[in-house]
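Undergrad: The lines below spell out each chain.
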Amino acid sequence: MILINGNLAVVKGAIKSGCGFFGGYPITPASSIMEEIAKDGIKLMQMEDEIASINCAIGASLSGKKAMTATSGPGFSLMQEAVGYAHMIEQPLVIVNVQRVGPATGMPTKPSQGDIMQAKYGSHGDYCPLVFYPNSVSELYEYAIKSFNCAEEAEMPVVLLSDAYLANLYETVNLDIDIGIVNRKLEPVGNGARHYTGLSHQRNSPKPQNPRQYKSFIDRIFKKTYVIAKKHADYEYTGKKDSDTLIVAYGCVSRFLSGLKKKYAFFRPIRMWPFLKKELGKIAKNYKKVVVVEMNNGQYRREVERVIRKRLYFFRVLGGEINIPKISRGIRRIKCKATSLYSK
Amino acid sequence: MQGYLSLLKIKRLPTTWCPGCGNGLVIKALIQVMESNNLNKKNTVIVSGIGCVGRTTGYLKLDSIHTLHGRAIPVAEGIKTANPKLNVFVVSGDGDLLAIGGNHLLHASRRKTNIKVICVNNRIYGMTGGQASPATPKKTVTTTTPKGNEFEEINTQAIVTSNKNFFARSTVFHLDHLKKMIKKSLENKDFSFIEVISNCYPGYGKKLGFTSNYEMLMDFKKKFENQKNKSILKKNELGFLK
Chain Y
838 MILINGNLAV
848 VKGAIKSGCG
858 FFGGYPITPA
868 SSIMEEIAKD
878 GIKLMQMEDE
888 IASINCAIGA
898 SLSGKKAMTA
908 TSGPGFSLMQ
918 EAVGYAHMIE
928 QPLVIVNVQR
938 VGPATGMPTK
948 PSQGDIMQAK
958 YGSHGDYCPL
968 VFYPNSVSEL
978 YEYAIKSFNC
988 AEEAEMPVVL
998 LSDAYLANLY
1008 ETVNLDIDIG
1018 IVNRKLEPVG
1028 NGARHYTGLS
1038 HQRNSPKPQN
1048 PRQYKSFIDR
1058 IFKKTYVIAK
1068 KHADYEYTGK
1078 KDSDTLIVAY
1088 GCVSRFLSGL
1098 KKKYAFFRPI
1108 RMWPFLKKEL
1118 GKIAKNYKKV
1128 VVVEMNNGQY
1138 RREVERVIRK
1148 RLYFFRVLGG
1158 EINIPKISRG
1168 IRRIKCKATS
1178 LYSK
Chain X
1253 MQGYLSLLKI
1263 KRLPTTWCPG
1273 CGNGLVIKAL
1283 IQVMESNNLN
1293 KKNTVIVSGI
1303 GCVGRTTGYL
1313 KLDSIHTLHG
1323 RAIPVAEGIK
1333 TANPKLNVFV
1343 VSGDGDLLAI
1353 GGNHLLHASR
1363 RKTNIKVICV
1373 NNRIYGMTGG
1383 QASPATPKKT
1393 VTTTTPKGNE
1403 FEEINTQAIV
1413 TSNKNFFARS
1423 TVFHLDHLKK
1433 MIKKSLENKD
1443 FSFIEVISNC
1453 YPGYGKKLGF
1463 TSNYEMLMDF
1473 KKKFENQKNK
1483 SILKKNELGF
1493 LK
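Residue numbers (our numbering), protein chains in the order written: chain Y, 838 to 1181; chain X, 1253 to 1494.
Honestly, the hints are just simulated from the structure, not real lab data.
Hints may be right or wrong, so weigh each one.
Each computed PhoX-like pair below joins lysine-lysine, with the alpha-carbon atoms no more than 25 Å apart [to be verified]:
(1) Y:Lys876 with X:Lys1293
(2) Y:Lys880 with X:Lys1337
(3) Y:Lys1044 with X:Lys1261
(4) Y:Lys1022 with X:Lys1293
(5) X:Lys1280 with X:Lys1435
(6) Y:Lys1022 with X:Lys1280
(7) Y:Lys880 with X:Lys1364
Here chain Y is said to cover these stretches of chain X; the calculated rule only asks that three of the stretch's residues, wherever they fall, bring their Cβ under 8 Å from a Cβ of chain Y [unchecked claim]:
(8) 1309 to 1321
(9) 1332 to 1341
(10) 1370 to 1384
With the Cβ distance kept under 8 Å, some of the chain Y side facing chain X (calculated, not the full set) [as the list claims (entries may be wrong)]:
(11) Gly860
(12) Ala889
(13) Ala894
(14) Ile895
(15) Gly896
(16) Ala897
(17) Gly901
(18) Lys902
(19) Gln917
(20) Glu918
(21) Gln1039
(22) Lys1068
(23) Ala1070
(24) Gly1135
(25) Ser1165
(26) Gly1167
We treat Cβ as the ideally placed atom computed from N, Cα and C, and that holds for glycine.
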């Protein structure tokens, strides 16, 4: 057991998984990940920007190393094109996004959950990402390892979400957990005549004009993700399960609201994307009221609404202002009339 | 010709390029140098960006990476850093390496990663239809500069040599010279940059009054001269600096 913060837990997880390369660019609140990597002897390349960071990580991954990069919202936006590229050439990669308040420079030191949709839909075109969002330091350690495993199994980039709160939160972590490590199966470059291209392709040759080939590619990458995602349908269903209210919260918000567990049922998705449709659907059926609390203006809430097929109650936590009494007062006052989509 | 075909994916021919394009000559020079220096698919990786030249990698029997627009250099650096035993080549165009990838070029030359960058400079964005690139000379009429380009062309030589890196300039007409320059870059253990002046008749030459690719090549013959032991290369001088 050691006492570490969230960012260091990610690094410990990466080391445990056998990560061999880190490409990065300093950004609050993710910088300390790169600093810790520098101490630990993993090959580190500090690049000129986030675009170069993710691209050199892709290069290292092609060279046979388990590669990762870590950033925050603004950097994640810059990386998006390369995220799509990594999906296209099907290279394993782990991207850690320590979220802060946006858009633009926003509030760099404050936690936020504003990149939920960016993690899913950020790059252009269709792809199916796998995204995890733990809510404690020990879980960050565990899911850093799982992210590497999933990336290797599915041969695609995996996003590990964190936030400014978890990044700086100190907790005790047991580093000797029993998770198998998935090793690299792909043959590194420099040993054949393969062609890795961002163009739609088939067997090493570009096919940019062939719709049938493109459709089969899209079907394949979606199916691939769902197969891996099924193994990691991770969520937490706790609290007072026989109450009439279900609170859906994830990441750091689920930590703040843990005091309400005595009164309400709690659902916390850990695998954010693909959405836990079946699991949440089954649980939400038993509750009269479903409340979503998140640190953005309602990104995940729409997904939840789409799945449970009824109006729900929504509380937002904006600008990193965590006011627990206000939220609990709000939940107490809910009558059976659901809020409309754009109301407060 | 012997051996020239061994690194070429013949099944993928014909190429996507216009007849008479200089890219074919660059491939030829590159393959012949690789042959003579024992570079093969066991020890060499080639990376390219987007554009006409970017398609080069797909025709070579090597592990080849066709990256995003402008990102060939960081990917190559990642490959080289993760596996320093590999010989890593970057082949891309002026728009890709000097405009969108300009920042990466600047910093890769600062970091002195041992990659060989071959920049095929046709002075125009060829694939998108003849827009002005950073390497387009002043006063040139292009589709995006109908009144003539108002800016000076980029001084790549200064960027690369400011960190005492290998810089060479050649043209697709001077094929033997080009091969010599690529060979020279292999002797160098730092970041190396080879600027290859190329011809693009449909995108660039047509507007300047040339009537064919052949005429453009003959123009290279007339205009460029080989220089030795120079500390700086003028615009129409070929040679290398170290």
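Undergrad: Hint by hint, work out which the structure violates, then give me just those numbers in ascending order.
TA: 1, 6, 10, 19, 21, 22, 23, 24, 25, 26
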